[in-house]
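Novice: Chain V is fixed; fit chain X onto it per the hints.
Below are the chains, spelled out letter by letter.
Number of protein chains: 2
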Amino acid sequence: MSLIVQKFGGTSVANPNRIKEVAKRIIRTLEKGYDVVVVVSAAGDTTDRLISLAYEITPSPAEREIDMLISTGEQISSALLAMAIESLGHPAISFTGSQIEILTDDTHTKAKIVDINTERIWKHLHLGKVVVVAGFQGISIDKDITTLGRGGSDLTAVALAHVLKAKVCEIYTDVPGVYTANPKIVQDARKLDFISSEEMLELASSGAKVLQSRSVELAKKFGVLIHVRSSFTDEEGTMVKEKVKGMEEALVTGIAEDIDQAKITILDVPDRPGIAAKVFGELARESINVDMIIQSAPIRDKNDISFTIAKSDLEKSLKIMNKVKEEVGAKDVISDKNVAKVSVVGVGMRTHSGVAAKMFSALASKDINIEMISTSEIKISCIIKKDKMEEAVKILHDTFELGKTSYKDKDV
Amino acid sequence: MSLIVQKFGGTSVANPNRIKEVAKRIIRTLEKGYDVVVVVSAAGDTTDRLISLAYEITPSPAEREIDMLISTGEQISSALLAMAIESLGHPAISFTGSQIEILTDDTHTKAKIVDINTERIWKHLHLGKVVVVAGFQGISIDKDITTLGRGGSDLTAVALAHVLKAKVCEIYTDVPGVYTANPKIVQDARKLDFISSEEMLELASSGAKVLQSRSVELAKKFGVLIHVRSSFTDEEGTMVKEKVKGMEEALVTGIAEDIDQAKITILDVPDRPGIAAKVFGELARESINVDMIIQSAPIRDKNDISFTIAKSDLEKSLKIMNKVKEEVGAKDVISDKNVAKVSVVGVGMRTHSGVAAKMFSALASKDINIEMISTSEIKISCIIKKDKMEEAVKILHDTFELGKTSYKDKDV
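Sequences listed follow chains V and X, in order. Residue 1 is where the first sequence starts when you use the numbering used here, and the numbers rise one by one after that. Residue 413 is where the second sequence starts when you use the numbering used here, and the numbers rise one by one after that.
For reference, chain V alone in the conformation it holds in the complex (with noise of 0.2 Å):
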């Protein structure tokens, strides 16, 4: 029998009678033939509500033990939803990251997943079940429990999907599927019908948040199709495949933008061979992961050294950057947490030229300071102020007409 894994997000589980809805949903994915595993999220804020009781015991708890504490989220939604089946005539079965045995490397709050164990998921499966998985952890060689950063059941959905070989993994979410922009933001952004995995990365990558970037990855690795759709509504969604056909000329896809940004800036660096290694080599340890990096051209043997971070890494980072500034004698360590990043995606960059010049000179005529760039092939990012975003999101999405038009080469 040909299997499907479905993903239920936060807001899909916030309460019982959402719960009640995805239940009827597996039930409909059972009744046309399929065997259906089930990854959820914890409900709603609950994440959030538990690392903030963690904040009033302590400024640094442990990781371990926040993966202790915020584990539990999950693992509440994957009995509560395990009933619910079970309630509409169904028998169901849940498990947390352990007990599948997700396995882990030991980086608590940012675990990678290493294996996963399938024994217990094809048993119950075979008994008829619906197997729920609490997404978003495993379980490390010293038997610790894990978890794998913000977004990480998608991550469990897709790595499920690639070891059971499913046909597809279905990411329910709160929204119809990926868009053009931020619908939020920009009012004609388009639904997509497909994207190529590629590209879904790069949005995922730059702050869309409809998925998670590592499971894009993972997905895009294993060649694992995800359907992003709706939760509350039966209409197909947004296919991420491989390849997706006629899309050869698309030019620009979609605008992403990501406020949960911070720009850290060390003044006065020496120019010494082995100072960036050393900065960046320091946060690494930490596991804190760098998107943009600037280094300025250098005057008198010194120069600045920016890159974003995550704003949650920002306290410790700073911590980090404080103890490099000694080391290494540079002059000062500045940061900023009011910046913003937008983004331009598509694949047809690659070929094309002008994308980033048009880019540019869209937001000059809104008079936005571009403050860092970055570019990939299939994309530009610009570090911005925050207060500037949304119009910088609506100028762009207009000038390259993501409204009105499809997968079309446009005029460059």
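If you are wondering where the hints come from, they were derived from the structure by calculation, not from laboratory data. Every residue gets a Cβ at the ideal spot worked out from N, C-alpha and C, and that includes glycine. Keep in mind that a hint or two might mislead.
Said to hold, decoys possible - The calculated DSS-like cross-link candidates involving lysine-lysine, where the alpha carbons are at most 25 Å apart (straight line), are:
{"#": "1", "chain 1": "X", "residue 1": "K621", "chain 2": "X", "residue 2": "K632"}
{"#": "2", "chain 1": "V", "residue 1": "K143", "chain 2": "X", "residue 2": "K524"}
{"#": "3", "chain 1": "V", "residue 1": "K143", "chain 2": "X", "residue 2": "K535"}
To be verified - Label-pair restraints from in silico Cβ distances:
{"#": "4", "chain 1": "X", "residue 1": "F692", "chain 2": "V", "residue 2": "V114", "range": "48 to 56 Å"}
{"#": "5", "chain 1": "V", "residue 1": "E315", "chain 2": "X", "residue 2": "V526", "range": "44 to 52 Å"}
{"#": "6", "chain 1": "X", "residue 1": "E648", "chain 2": "V", "residue 2": "R285", "range": "23 to 31 Å"}
{"#": "7", "chain 1": "V", "residue 1": "A284", "chain 2": "X", "residue 2": "G445", "range": "40 to 48 Å"}
{"#": "8", "chain 1": "X", "residue 1": "D586", "chain 2": "V", "residue 2": "E315", "range": "32 to 40 Å"}
Specialist: Just chain X, lined up with the frame of chain V:
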């Protein structure tokens, strides 16, 4: 080094500030040179809130899933407490019952401890850590999460104290110790400095909430010394010991009340051998504990069987009894939730007659009707109407002069 097990109940860990206070108390114990293993309950009403979520989903949630669900409460407390201890500069580590391997049978929601693996505990104690264990939970042979029933954290603590050969098992609670009666009902109720485990067992199984009766039983069996004390003050509480000096003459030690019971009566049961076995066998199969049983004298080959159970088991029990009624040809099954049990406990009863008579006449003096009676060597319990409970406890406490006297034989 000598080891102490400390158990903190739900009110002691109800919020971050209280958890910090608990951490300080643990540090004070460490500073006296003890190793400490801590057992925690779920904060405040967490367990009840989780259970009501389950019942919002379905009227008959699967018990395996209930255990998945409610075991999270203690997991949260244990992680938060470990953080709090670490924030005071002392290493600590939290474990779930599954992680420790508190092995139980598979009677979900009422599991019995079969064995405890002490390896991880000893290892981390050896590393100088405070080991914080989530109470109330274990793991079955199928590697499913189980829970030990109401008050199960006490059981976890006593069982750990036994296998770790702890000097004492300190049960921290929101009252200063064991009283001669519920101080919320009887103004001059007196805290006991010592109580025998035998009496404590009778008081606990008679409704005194301060200790779970199964944990007292376990402590009695293995000679674990329990110290019941307040988590809000440093004063000594009540020591529960196998033998208490000078206790030989103690007649009545305390009064307990229980309003969590319900009464079921099966009317006109045919007077044939094997009927009672059938009735109580069916209840036992569903792990429903029956407390008091009364069978009326047969009239024309029929009799009535009345028994009491926990109120929470009423619905399930009625279902079973209605089935039994059909099978044995009884006339009807009726139930009453508005009952209370009042009990008088004391080792002196063993050698002194007249306590029962004194109890009955005290109740009669207040026009309190006795619906059922049961006695043990050191306890007499009566089922009365629930609205008479407070009056009954007060008159019994007065009658046996428990407010004024310490352990002394009184004229009966």
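Novice: If a hint holds in the structure, say so; if it doesn't, say that too.
Specialist: Each hint tested on the structure:
Distance restraint check for K621 (chain X) and K632 (chain X): the Cα-Cα separation of roughly 18 Å lies within the 25 Å cut-off, and the hinted pair is therefore satisfied. Simply put, K143 (chain V) and K524 (chain X) have alpha-carbon atoms about 24 Å apart, close enough for the 25 Å limit, and the pair holds. Straight-line distance between C-alpha atoms of K143 (chain V) and K535 (chain X) comes to about 14 Å, which keeps the hinted pair within the 25 Å bound. A C-beta distance of roughly 52 Å is found between F692 (chain X) and V114 (chain V), which places it inside the suggested range of 48 to 56 Å.
Our hint of 44 to 52 Å for E315 (chain V) and V526 (chain X) holds, since their Cβ atoms are close to 46 Å apart. Range check, E648 (chain X) to R285 (chain V): about 49 Å between beta-carbon atoms, so the 23 to 31 Å window is missed. Between A284 (chain V) and G445 (chain X) the Cβ separation comes to about 42 Å, which falls inside the hinted range of 40 to 48 Å. Our hint of 32 to 40 Å for D586 (chain X) and E315 (chain V) holds, since their Cβ atoms are close to 36 Å apart.
Hint 6 from the list above is the single one not met by this structure.
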